[in-house]
Amino acid sequence: MIKKFDKLLIICILSVLLTGCWDSEDINKKSITITLGVDYVNDGIEFSGELAKLRSSPSESGEKNQASGVYQLLSYGKNFEESRRHYDSINPYPVFLGATRVVIFGQNYAKEGIEPYLNRIDHLYDYRKTLLSVVSRETPTELFKIKVEKDISVGFLIDDIMQNLEMRGEALYPQIGEILSDIALGHVGYVLPYIGIERGSIKYLGMAVMKDSKLEGTIDLENTHGVLYILAQNPTLVEVIPSTKNEKNQISFTTFIKKRKIKTDYIDEKVIINIDLDLKAQLRYQYYPEPVEDEDIKKLEDMISKKVENDIVSTMKKAKNEFECDFFDFVRYFRAEHPEIYKKIKWEDQFTRADINVNVKTKVINRSLEDPNAKKKY
Amino acid sequence: MKNKFIDKIEEFSKESLGISIRKMSIANTEVFILYIGQLTDKDSLSNNIIKPILQNGMNNILTIEQIATSVIYVDDISIYDDENKMIDYILEGKSIILMSNACKYIVANTLKVEKRGVQSPEIDTTLRGPKDSFTENFDDNLSLIRYRIKDPALRIDHFTIGKRSRTSVALIYIKDIANEKCVNEVKRRLEDIDIDGVFESGYIQKFMLNNTFDLFPQVGIMERSDTACANIIEGKVIIVVEGSNLALVMPKTFIEFLDVDDDHYDNIYLGMFSKLLRITALIISLTLASLYVAVVSFHTDILPSQYILAIATSRGTVPFNSVVEAMLMEFVAEILREASIRLPKQIGPAIGIVGAIVIGQAAVAAGLVSPLMVIMVSLSVMCSFVSPDYTIVNPIRILKFFMIAMTGTLGLFGFVIGLTFIAINICSMTSFGVSYVAPLSPFNFVDLKNYIFSDITLSKKRPKFLNTRDKTRQ
Numbered sequence: 001m002i003k004k005f006d007k008l009l010i011i012c013i014l015s016v017l018l019t020g021c022w023d024s025e026d027i028n029k030k031s032i033t034i035t036l037g038v039d040y041v042n043d044g045i046e047f048s049g050e051l052a053k054l055r056s057s058p059s060e061s062g063e064k065n066q067a068s069g070v071y072q073l074l075s076y077g078k079n080f081e082e083s084r085r086h087y088d089s090i091n092p093y094p095v096f097l098g099a100t101r102v103v104i105f106g107q108n109y110a111k112e113g114i115e116p117y118l119n120r121i122d123h124l125y126d127y128r129k130t131l132l133s134v135v136s137r138e139t140p141t142e143l144f145k146i147k148v149e150k151d152i153s154v155g156f157l158i159d160d161i162m163q164n165l166e167m168r169g170e171a172l173y174p175q176i177g178e179i180l181s182d183i184a185l186g187h188v189g190y191v192l193p194y195i196g197i198e199r200g201s202i203k204y205l206g207m208a209v210m211k212d213s214k215l216e217g218t219i220d221l222e223n224t225h226g227v228l229y230i231l232a233q234n235p236t237l238v239e240v241i242p243s244t245k246n247e248k249n250q251i252s253f254t255t256f257i258k259k260r261k262i263k264t265d266y267i268d269e270k271v272i273i274n275i276d277l278d279l280k281a282q283l284r285y286q287y288y289p290e291p292v293e294d295e296d297i298k299k300l301e302d303m304i305s306k307k308v309e310n311d312i313v314s315t316m317k318k319a320k321n322e323f324e325c326d327f328f329d330f331v332r333y334f335r336a337e338h339p340e341i342y343k344k345i346k347w348e349d350q351f352t353r354a355d356i357n358v359n360v361k362t363k364v365i366n367r368s369l370e371d372p373n374a375k376k377k378y
Numbered sequence: 001m002k003n004k005f006i007d008k009i010e011e012f013s014k015e016s017l018g019i020s021i022r023k024m025s026i027a028n029t030e031v032f033i034l035y036i037g038q039l040t041d042k043d044s045l046s047n048n049i050i051k052p053i054l055q056n057g058m059n060n061i062l063t064i065e066q067i068a069t070s071v072i073y074v075d076d077i078s079i080y081d082d083e084n085k086m087i088d089y090i091l092e093g094k095s096i097i098l099m100s101n102a103c104k105y106i107v108a109n110t111l112k113v114e115k116r117g118v119q120s121p122e123i124d125t126t127l128r129g130p131k132d133s134f135t136e137n138f139d140d141n142l143s144l145i146r147y148r149i150k151d152p153a154l155r156i157d158h159f160t161i162g163k164r165s166r167t168s169v170a171l172i173y174i175k176d177i178a179n180e181k182c183v184n185e186v187k188r189r190l191e192d193i194d195i196d197g198v199f200e201s202g203y204i205q206k207f208m209l210n211n212t213f214d215l216f217p218q219v220g221i222m223e224r225s226d227t228a229c230a231n232i233i234e235g236k237v238i239i240v241v242e243g244s245n246l247a248l249v250m251p252k253t254f255i256e257f258l259d260v261d262d263d264h265y266d267n268i269y270l271g272m273f274s275k276l277l278r279i280t281a282l283i284i285s286l287t288l289a290s291l292y293v294a295v296v297s298f299h300t301d302i303l304p305s306q307y308i309l310a311i312a313t314s315r316g317t318v319p320f321n322s323v324v325e326a327m328l329m330e331f332v333a334e335i336l337r338e339a340s341i342r343l344p345k346q347i348g349p350a351i352g353i354v355g356a357i358v359i360g361q362a363a364v365a366a367g368l369v370s371p372l373m374v375i376m377v378s379l380s381v382m383c384s385f386v387s388p389d390y391t392i393v394n395p396i397r398i399l400k401f402f403m404i405a406m407t408g409t410l411g412l413f414g415f416v417i418g419l420t421f422i423a424i425n426i427c428s429m430t431s432f433g434v435s436y437v438a439p440l441s442p443f444n445f446v447d448l449k450n451y452i453f454s455d456i457t458l459s460k461k462r463p464k465f466l467n468t469r470d471k472t473r474q
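Taken in sequence, the protein lines are chains A and B. 249 is the number that our numbering gives to position 249 of the first sequence; each next residue is one higher, with no gaps. 25 is the number that our numbering gives to position 25 of the second sequence; each next residue is one higher, with no gaps.
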């Protein structure tokens with residue numbers, strides 16, 4: 001039998017011996033980078049970050065199957081390559097970026113432009129393209145000094161905070177892949193989560209507006225509703241509206257988007273953007289329970305619509321006048337609807353002059369009824 | 001007067017054949033009874049043969065025919081005249097009655113061998129289902145089948161295989177159901193067997209294979225008589241071998257090895273669930289260790305970060321790379337399994353303790369292997385016990401190492417190549433003319449549905465791939 005297959009066997013054995021991945025190292029023989037911070041310090045690039053601590057120190061006894069913590073990482077250089085060389089020269093194992101959860105850009109570096117590093121992420125094969133990137137008010141090294149007790153490490157904490165907020169519809173979770181796609185499109189800005197340290201704890205502060213991949217400014221957490229109504233996939237926001245009857249009383253609503261329609265037009269050499277939002281608002285509770293009539297509901301619906309409209313319009317104004325950048329991605333709608341015109345115009349200029357009409361309709365649903373047959377409703 | 005039989009008797013007595021000779025004198029002549037004491041029911045011999053002959057022969061003149069028809073009480077008798085065949089009958093456990101003045105002799109069946117009673121199955125255990133399993137006794141095994149299937153079309157073809165052991169082998173099928181080609185093929189292969197001794201159905205099984213080097217079994221083994229009968233009624237062919245408590249069934253396809261009678265007797269949902277469980281377990285058993293190697297050594301990125309950290313931390317102090325670790329642990333697990341089969345029942349549990357404490361806990365504590373690897377190996381071994389027919393797991397036990405080697409060399413790419421090799425091997429096999437992967441290929445939806453549901457009320461037809469004569473069940 002062996003004689004029959006001798007050639008096949010030789011081919012198989014040789015191909016296995018010659019092509020086998022013999023230089024591959026197991027995961028425990030790599031420096032697993034959980035978080036990476038990039039900042040611009042003294043005209044040079046500073047890499048900081050967290051590496052998983054795989055071996056317990058001799059003082060820690062017993063079997064440990066959870067990552068027992070992280071090592072701090074710090075390296076410098078004039079450019080990425082030099083900084084990486086410095087990193088390699090102080091670490092025992094090759095770097096593994098496949099487990100990296102978040103890349104933190106220091107404010108200084110973000111102001112200079114983060115595109116080079118985004119391109120580096122794009123082309124280094126082991127980086128995940130679903131990575132979260134954030135801009136930090138403080139330097140990344142300061143962030144990593146914070147003692148985290150709520151999570152495994154700073155990186156995990158930031159990623160978990162952002163994931164949780166995104167899941168609840170209260171923030172955006174822009175992945176590197178999406179940002180790269182925005183950059184490829186050109187003429188368009190984007191927003192990144194903006195974080196910082198407040199009272200010794202890491203906090204989501206709002207959004208960092210990036211124009212040409214450079215930090216242009218920030219939007220405070222309280223003012224992010226306008227962005228979320230346009231950009232978030234399923235924004236679920238809480239709106240507090242004063243009662244129509246009693247000034248002291250407040251009514252808490254959760255709003256969801258039922259339908260979002262963005263249409264663009266080009267009339268008299270001017271871009272028109274029409275935004276139609278159909279909202280559903282769920283009455284959660286009142287600060288002081290009191291009967292709510294059908295007319296009150298109507299008024300409340302109008303008030304919610306007005307408030308949301310104002311939020312959006314004020315953010316739009318900021319985008320047009322202050323940042324002069326379309327981080328709402330309206331360009332995608334315009335390009336799809338008017339491809340010929342798009343080729344002729346310069347979007348950055350047109351956007352700042354554009355007419356933006358926002359039309360919000362709200363319907364209050366689920367009024368927290370306890371007894372639907374009660375004479376006095378609500 | 002001396003006849004040719006008396007010469008034979010003298011010849012037998014010269015050689016130490018262990019043949020007992022009982023000589024009796026009756027009115028007109030001398031009667032000889034030849035038998036082997038160890039194979040003969042002596043009570044039957046005394047009461048049904050010797051006693052009637054002596055009582056009747058003292059005063060009457062008896063011929064050999066009269067003795068056969070009117071004197072002895074044995075049910076199974078025949079009259080022959082070929083003196084050369086005498087020795088064969090005696091060795092089969094029959095008693096030979098001959099008279100000094102007759103030219104014929106009587107062969108009376110007085111066979112009695114020591115046997116154990118019908119007991120519960122040991123390898124084909126079941127929660128729900130009859131417990132009468134085959135024994136080493138040929139007649140008992142046939143009777144277990146006969147009493148379950150009273151169909152006049154049931155055929156039992158007898159063969160004697162083994163030049164020296166002269167083992168009885170029965171081929172059992174239902175004439176108007178079983179595929180004729182398959183029956184003839186099995187008969188042909190049985191007739192072609194030319195060996196000196198058969199002591200287990202495993203010998204016959206090897207001669208039934210298409211190719212000695214085939215890895216996967218094409219012939220099923222069964223210990224329980226109800227399973228055997230269910231297979232006969234399905235249109236399959238059963239071989240029962242004298243001296244073996246395991247019957248052979250053929251043809252048998254790959255997925256049938258994962259079918260259990262309990263599935264058919266129990267609730268439809270439970271049957272489906274158990275089947276799914278068994279298939280999953282078989283796949284886990286084959287691939288778990290190699291997937292571990294692929295993930296740890298080559299493609300860690302396919303896991304979420306937190307899993308990567310968990311794996312890396314659990315391997316923190318392990319000095320071996322994952323391939324060596326996986327090979328080592330699988331090898332140890334196989335040693336434990338082998339040891340537990342060979343050990344007497346009384347000290348069997350000791351192996352469990354040694355395995356769990358020494359190999360598991362101590363190896364982890366010493367930092368030689370990662371706890372995750374111990375979990376993987378234990379799970380893999382446990383999964384291999386789920387299959388009802390252990391013969392289908394045997395190739396998996398070997399292929400597991402092949403998969404680890406392939407994955408250790410070429411990563412996930414090697415894993416896929418390994419699986420493809422195995423799939424090609426399985427797909428290119430046949431079992432007595434039936435595709436080994438039927439009903440998946442050639443695809444037959446109804447057969448597949450019937451296999452998954454395992455419910456007799458939904459299976460109106462017999463499987464198409466068996467190509468039976470009678471295709472309808474109900």
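Treat the hints with care, since some could be wrong.
The list that follows gives simulated cross-link-like pairs (lysine-lysine, BS3-like), each with its CA atoms no further than 30 Å apart [as the list claims (entries may be wrong)]:
| no. | chain 1 | residue 1 | chain 2 | residue 2 |
| --- | --- | --- | --- | --- |
| 1 | A | Lys214 | A | Lys258 |
| 2 | A | Lys299 | A | Lys280 |
| 3 | A | Lys7 | B | Lys206 |
| 4 | A | Lys344 | A | Lys263 |
| 5 | A | Lys29 | A | Lys4 |
| 6 | A | Lys3 | A | Lys29 |
| 7 | B | Lys206 | A | Lys3 |
| 8 | A | Lys4 | B | Lys112 |
| 9 | A | Lys307 | A | Lys261 |
These aren't lab readings, by the way, just hints derived from the structure by calculation.
Cross-check of the supplied hints:
no.	hint	result
1	A:Lys214 / A:Lys258	violated (34 Å)
2	A:Lys299 / A:Lys280	holds (15 Å)
3	A:Lys7 / B:Lys206	holds (29 Å)
4	A:Lys344 / A:Lys263	holds (19 Å)
5	A:Lys29 / A:Lys4	violated (42 Å)
6	A:Lys3 / A:Lys29	violated (42 Å)
7	B:Lys206 / A:Lys3	holds (23 Å)
8	A:Lys4 / B:Lys112	violated (51 Å)
9	A:Lys307 / A:Lys261	holds (18 Å)
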